[in-house]
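Student: Each chain is listed here by its residues.
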Amino acid sequence: MKVEIMSSGFGGQGALTIAKFLTKAAMKEGKHVTWLPAYGPEMRGGTANATAVISDEEIASPIIGQSDILFALNQPSLDKFGPSVRPGGLMIVNSDMCPNPLGRDDVEVVNIPLNTLAKEIGNTKVLNMIAIGVVIEKRQIIKFETIVSDLTKFLEKKNPALLELNIKAIRKGMEFVK
Amino acid sequence: MSEKILMKGNEAVAEAAIRAGCRLYFAYPITPQSELIEYMAKTLPKVNGTFLQAESEVAAINMVYGAAGTGKRVMTSSSSPGISLKMEGISYIAGANLPAVIINVQRGGPGLGDIQPAQGDYFQATKGGGHGDYRLIVIAPSSVQEFADSASLAFDLADKYLNPVMILSDGLLGQMMEPVEFKPRVSDEEIEKHSEMHYDWCMRPNEDGPNHHHHEINSLEIDPEVLETHVNKLAEKYKKIEENEIRYEAYNINENNEMVCCAFGTAARIVKSAIDTLNSEGHNIGLIRPITVWPFPTQAIADSIHDKVKNVMTFELNLGQMVEDVKLAVNGKVPVGFYGKVGGVVFTPEEIIEKIKENLGGK
Amino acid sequence: MKVIASRPKALTDAQFTYCPGCLHGVAHRLIAEAIDELGIQNNTMGVAPVGCSVFAYKFFDIDMAEAAHGRAPAVATGMKRARPDMNVFTYQGDGDLAAIGTAEIIHAANRGENISVFFVNNAIYGMTGGQMAPTSLPDMKTTTSPYGRKTSDVGYPIQVCELLSSLIAPYYIERVSLLSPTDIIKAKKAVLKAMKFNTEKRGFTFVEFVSTCPTNWGINPVDSLKWAKDNMIPFFKPGVYRDKSVEEAK
Chain A
1 MKVEIMSSGF
11 GGQGALTIAK
21 FLTKAAMKEG
31 KHVTWLPAYG
41 PEMRGGTANA
51 TAVISDEEIA
61 SPIIGQSDIL
71 FALNQPSLDK
81 FGPSVRPGGL
91 MIVNSDMCPN
101 PLGRDDVEVV
111 NIPLNTLAKE
121 IGNTKVLNMI
131 AIGVVIEKRQ
141 IIKFETIVSD
151 LTKFLEKKNP
161 ALLELNIKAI
171 RKGMEFVK
Chain B
1 MSEKILMKGN
11 EAVAEAAIRA
21 GCRLYFAYPI
31 TPQSELIEYM
41 AKTLPKVNGT
51 FLQAESEVAA
61 INMVYGAAGT
71 GKRVMTSSSS
81 PGISLKMEGI
91 SYIAGANLPA
101 VIINVQRGGP
111 GLGDIQPAQG
121 DYFQATKGGG
131 HGDYRLIVIA
141 PSSVQEFADS
151 ASLAFDLADK
161 YLNPVMILSD
171 GLLGQMMEPV
181 EFKPRVSDEE
191 IEKHSEMHYD
201 WCMRPNEDGP
211 NHHHHEINSL
221 EIDPEVLETH
231 VNKLAEKYKK
241 IEENEIRYEA
251 YNINENNEMV
261 CCAFGTAARI
271 VKSAIDTLNS
281 EGHNIGLIRP
291 ITVWPFPTQA
301 IADSIHDKVK
311 NVMTFELNLG
321 QMVEDVKLAV
331 NGKVPVGFYG
341 KVGGVVFTPE
351 EIIEKIKENL
361 GGK
Chain C
1 MKVIASRPKA
11 LTDAQFTYCP
21 GCLHGVAHRL
31 IAEAIDELGI
41 QNNTMGVAPV
51 GCSVFAYKFF
61 DIDMAEAAHG
71 RAPAVATGMK
81 RARPDMNVFT
91 YQGDGDLAAI
101 GTAEIIHAAN
111 RGENISVFFV
121 NNAIYGMTGG
131 QMAPTSLPDM
141 KTTTSPYGRK
151 TSDVGYPIQV
161 CELLSSLIAP
171 YYIERVSLLS
181 PTDIIKAKKA
191 VLKAMKFNTE
201 KRGFTFVEFV
211 STCPTNWGIN
221 PVDSLKWAKD
231 NMIPFFKPGV
241 YRDKSVEEAK
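Read top to bottom, the protein sequences are chains A, B and C.
Sequential numbering of the first sequence, starting at 1, is according to this note's numbering.
Sequential numbering of the second sequence, starting at 1, is according to this note's numbering.
Sequential numbering of the third sequence, starting at 1, is according to this note's numbering.
In case anyone wonders, no lab produced these hints; they're calculated from the structure.
Misleading hints may appear alongside valid ones.
Pairwise CB distance ranges (calculated) [stated by the list, open to error]:
| id | chain 1 | residue 1 | chain 2 | residue 2 | range |
| --- | --- | --- | --- | --- | --- |
| 1 | A | Glu57 | B | Pro29 | 30 to 40 Å |
| 2 | B | Glu281 | A | Ser84 | 14 to 24 Å |
| 3 | A | Ser84 | B | Pro29 | 27 to 37 Å |
Every residue gets a Cβ at the ideal spot worked out from N, C-alpha and C, and that includes glycine.
Next up, chain A with everything else stripped away, as it sits in the complex (with noise of 0.2 Å):
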């Protein structure tokens, strides 16, 4: 299994930590990995994506041509990364900032709006979390336990609240394409 995976969204919408979450719940399942963000100044307010590729095998380029897993945070993004992605791919558009539909039919579109359900849960930071559980359910790439476990880690005693709300986002997500 190879999947190459491209995160893209306005800088502070979090389409960096998407891939880094994705990555780092991969090279726990024990997976090869890679991580690689757009720098420079695009980082500040721009446009911010990242690559990332989750692998059986040893992984050769971590630059990818096409991608097989396209999180579109907004329309440029939607625009830019839309046609690279592959024929029988995925696309998780965020519908709130993604107005104009690129229309492919090859590709699997989820249509969700990540900005009104963050809003619902209380808190627009946990809209990464929302596409992450969009991704477990529709591709089994990573398991939801290896993310939580991870996320607990990292809040349980810093923010115990805002790991609560992180993992109420990632069930929304999920449940949102059941």
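The hints should help you fit chains B and C onto chain A, whose structure is shown.
Tutor: Using the frame of chain A, we list chains B and C on its own:
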């Protein structure tokens, strides 16, 4: 070996350097190596080490020169424009036979260029850059793990040969996160031993009473004949390094190769992906990846040209620099082609597949 | 027979390579005497510059590093940080310290780096053959200011002690001269003070010597002393520009 940690290359090499016994680090901020200097700033004070942000790249490398003169493990890091500024100091360090480690997290050039990954400093690193006849040992890692491992290798080689060692990385390796396993941290006793091995020449307190030493850290020899002897001694050292320290990876090199590719660092990762795809389609393509780009694996490349090899392709993130060394190694046996990307633009595996296909059959 | 004068232990037997009448030998001797008197020959290292005193590493019988032009304070910083148990000094000329090495000296001073800097100011580049220095006086003729230093074109000589004493960190800054036996005795006291503070890890100490260059000034050694007194001293005024030990004693 400890548990795997997901880390950026810049941070991993910093941690590995500290574990290898580096307690002195002098540098100046520059993108895309900022995480490295920041990691050192955060971590060195916790191990009684010295972190100092210098007023300039020039000052930083000269601080390295001074500290290296005391025989202790010392390091600096920067990115391309900053490395250019350090070149004077690097020449002095080489001329004075001092051990030191310099990391270059390369970005696009020339001039200010940009801050994206590139390999345009190959000539500078391997052919000089500073003035005079000298060589740097240059290690070119291609994964975060290898980037981290290169730290202790670099210090060991620097100590062994009394020579500056450069780790030639790039923005991609610096910024990318991969799982990395670290060697255990060397003990204070081992750190003491690292510097004791230099006691016969380094600057240190006199403990032997009236018959004290007078050690000079110096690259100046005003008498041409004395300088000639000095430089010839350097040449002998470089010869020994060439005999003993060539490192490379031979990937799918065999008697039935139809093409051999050459690439180093980040570029080699992408070429490997392309080769994997093509070989799964029935081709037989090999890759020589120099790990030390100086000393260069000339013989390994020559030996990889088996009977069925029609041509060699070199891939770099520059206008074609290492390809000159590849041509010398191939020595006209088969044609040597080149494909590169510049300006901080990185090729994709798909582009490499296309280029290889275009050139298969010796075209 | 009673020995009343001898070569300081901290100097090697190597013969100085300086011109007749040059005062580098005097400055070297003062530093070597101070090392002897403080008993620090075994744990002191020095940095030689590029300039006439480029061979200073041969003359001081201690561990020495030869620095690139202007970089002595950075090299000394590396040495001191690596070996905080040792005393470190640099020996620099005016071109080295106040032109090509301006950034290094200001930042070493500003860090309060625990080193002593000895600065020999003779208002000219000696080794390269008498070119204009950052400390060359207004209207002074040199090989690169053949019509005299035009202040409207290349500015005024840099007064390094004044410049450094605008910084908060330096511990001790004094300008002395080497122009008469009395001046040399005063200079010796300053050198001793600077190095003693260094052994006590009090911070950055700096001594400027107003000196001469008979060869490149084209004036004989004796007249050079008078020329310096008449022309340099009014501009480079001797005195203590900073002494935190006095403030601390209060």
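Student: All the hints need checking, so say for each whether the structure fits it.
Tutor: Hint by hint, here is what the structure shows:
| no. | hint | in the structure |
| --- | --- | --- |
| 1 | Glu57/A - Pro29/B: 30 to 40 Å | 38 Å, holds |
| 2 | Glu281/B - Ser84/A: 14 to 24 Å | 21 Å, holds |
| 3 | Ser84/A - Pro29/B: 27 to 37 Å | 35 Å, holds |
Every hint, counting from the list given before, is met by this structure.
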